[in-house]
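Going down the list, the protein sequences come from chains D and C. In terms of this note's numbering, the first sequence opens at residue 1 and continues consecutively. In terms of this note's numbering, the second sequence opens at residue 1 and continues consecutively.
No lab work stands behind these hints, which were simulated from the structure alone. None of these values were measured; they are calculated from a predicted model. A virtual CB, placed ideally from N, CA and C, is assigned to each residue, including glycine. Wrong hints could be hidden among the right ones.
The list that follows gives simulated cross-link-like pairs (lysine to aspartate or glutamate, EDC-like), each with its CA atoms no further than 16 Å apart [stated by the list, open to error]:
| hint | chain 1 | residue 1 | chain 2 | residue 2 |
| --- | --- | --- | --- | --- |
| 1 | C | LYS49 | D | GLU103 |
| 2 | C | LYS94 | D | ASP56 |
| 3 | C | LYS94 | D | ASP63 |
| 4 | C | LYS68 | C | ASP2 |
| 5 | D | LYS11 | D | GLU85 |
| 6 | C | LYS52 | D | GLU103 |
| 7 | C | LYS56 | C | GLU76 |
| 8 | C | LYS94 | D | GLU85 |
| 9 | D | LYS15 | D | GLU68 |
| 10 | C | LYS68 | C | ASP54 |
| 11 | D | LYS17 | D | GLU85 |
| 12 | C | LYS49 | C | GLU63 |
| 13 | D | LYS57 | D | GLU44 |
| 14 | D | LYS17 | D | ASP63 |
| 15 | C | LYS68 | C | ASP55 |
Over 12 Å on every C-beta distance to chain C, these chain D residues come out as not near it, computed from the model [to be verified]:
| hint | residue |
| --- | --- |
| 16 | GLY3 |
| 17 | LYS15 |
| 18 | GLY16 |
| 19 | SER27 |
| 20 | SER58 |
| 21 | ARG69 |
| 22 | GLY71 |
| 23 | SER95 |
| 24 | GLU103 |
| 25 | VAL114 |
Cβ-to-Cβ under 7 Å is the rule here; a few derived chain D residues that face chain C [unchecked claim]:
| hint | residue |
| --- | --- |
| 26 | LEU39 |
| 27 | GLY40 |
| 28 | TYR48 |
| 29 | GLY51 |
| 30 | PHE65 |
| 31 | PHE106 |
| 32 | PRO108 |
Each chain is listed here by its residues.
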Amino acid sequence: GAGVSQSPSNKVTEKGKDVELRCDPISGHTALYWYRQSLGQGLEFLIYFQGNSAPDKSGLPSDRFSAERTGGSVSTLTIQRTQQEDSAVYLCASSPDRGKGYEQYFGPGTRLTVT
Amino acid sequence: GDSVTQMEGPVTLSEEAFLTINCTYTATGYPSLFWYVQYPGEGLQLLLKATKADDKGSNKGFEATYRKETTSFHLEKGSVQVSDSAVYFCALAKSGSARQLTFGSGTQLTVLP
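I would like the entire structure built from these sequences, with the hints used as guidance.
Dropping the structure here:
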């Protein structure tokens with residue numbers, strides 16, 4: 001079946017611009033995660049959605065970062081007023097219901113470059 | 001807070017050599033432990049996992065045993081192949097409402113023919 005998809009695969013933006021990154025999870029997966037992979041910080045958790053519950057935003061690095069998940073499926077990560085330190089690969093992962101199994105399936109990522 | 005420390009890379013081995021990549025963790029409670037692999041140009045894939053002490057995860061000839069007494073989850077393979085060249089990440093997930101992963105820094109493995 002289809003895996004997690006992310007778009008765009010690459011994004012180059014100028015400092016100060018806003019960007020939106022999209023994630024389509026595996027159909028039926030209730031949990032969705034965003035991570036960031038950067039040279040200096042490795043792989044970091046950003047935000048977690050589980051069903052219709054309030055998201056866990058504890059990993060977001062600043063208030064310039066936000067995310068939403070519409071209809072329990074597609075998610076969008078928005079970065080406002082981008083800075084050069086936001087350059088990284090943004091990974092999305094989804095997981096079946098946490099009570100039954102928590103293996104996370106990752107998408108290919110969006111490589112963000114802020115110039 | 002929780003953390004994962006894994007062997008610094010890069011690691012270069014000849015084909016059919018024995019592989020060990022060390023991983024230790026710090027966490028309260030009883031986390032689940034994972035090894036993920038990232039092949040060149042591809043996304044992260046789960047390689048194996050263990051959910052409680054003394055469990056052994058295995059897949060594709062790789063093995064790792066959850067050792068609570070030493071807080072370790074070392075990855076081993078008896079005979080590596082060129083196709084095993086990739087970056088390997090050790091990770092943990094705590095029990096609780098959000099099972100986000102805490103990753104180690106990754107170890108680049110290159111296997112030469």
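Hints and how they fare:
no.: 1; hint: C:LYS49 with D:GLU103; verdict: holds (9 Å)
no.: 2; hint: C:LYS94 with D:ASP56; verdict: holds (14 Å)
no.: 3; hint: C:LYS94 with D:ASP63; verdict: violated (26 Å)
no.: 4; hint: C:LYS68 with C:ASP2; verdict: holds (15 Å)
no.: 5; hint: D:LYS11 with D:GLU85; verdict: holds (14 Å)
no.: 6; hint: C:LYS52 with D:GLU103; verdict: holds (15 Å)
no.: 7; hint: C:LYS56 with C:GLU76; verdict: holds (11 Å)
no.: 8; hint: C:LYS94 with D:GLU85; verdict: violated (28 Å)
no.: 9; hint: D:LYS15 with D:GLU68; verdict: violated (23 Å)
no.: 10; hint: C:LYS68 with C:ASP54; verdict: holds (7 Å)
no.: 11; hint: D:LYS17 with D:GLU85; verdict: holds (13 Å)
no.: 12; hint: C:LYS49 with C:GLU63; verdict: holds (9 Å)
no.: 13; hint: D:LYS57 with D:GLU44; verdict: holds (12 Å)
no.: 14; hint: D:LYS17 with D:ASP63; verdict: holds (15 Å)
no.: 15; hint: C:LYS68 with C:ASP55; verdict: holds (10 Å)
no.: 16; hint: GLY3; verdict: violated (8 Å)
no.: 17; hint: LYS15; verdict: holds (27 Å)
no.: 18; hint: GLY16; verdict: holds (30 Å)
no.: 19; hint: SER27; verdict: holds (18 Å)
no.: 20; hint: SER58; verdict: violated (8 Å)
no.: 21; hint: ARG69; verdict: holds (14 Å)
no.: 22; hint: GLY71; verdict: holds (21 Å)
no.: 23; hint: SER95; verdict: violated (7 Å)
no.: 24; hint: GLU103; verdict: violated (6 Å)
no.: 25; hint: VAL114; verdict: holds (22 Å)
no.: 26; hint: LEU39; verdict: violated (10 Å)
no.: 27; hint: GLY40; verdict: violated (11 Å)
no.: 28; hint: TYR48; verdict: holds (5 Å)
no.: 29; hint: GLY51; verdict: violated (11 Å)
no.: 30; hint: PHE65; verdict: violated (15 Å)
no.: 31; hint: PHE106; verdict: holds (4 Å)
no.: 32; hint: PRO108; verdict: holds (4 Å)
This entry does not satisfy hints 3, 8, 9, 16, 20, 23, 24, 26, 27, 29, 30, going by the numbered hints stated previously.
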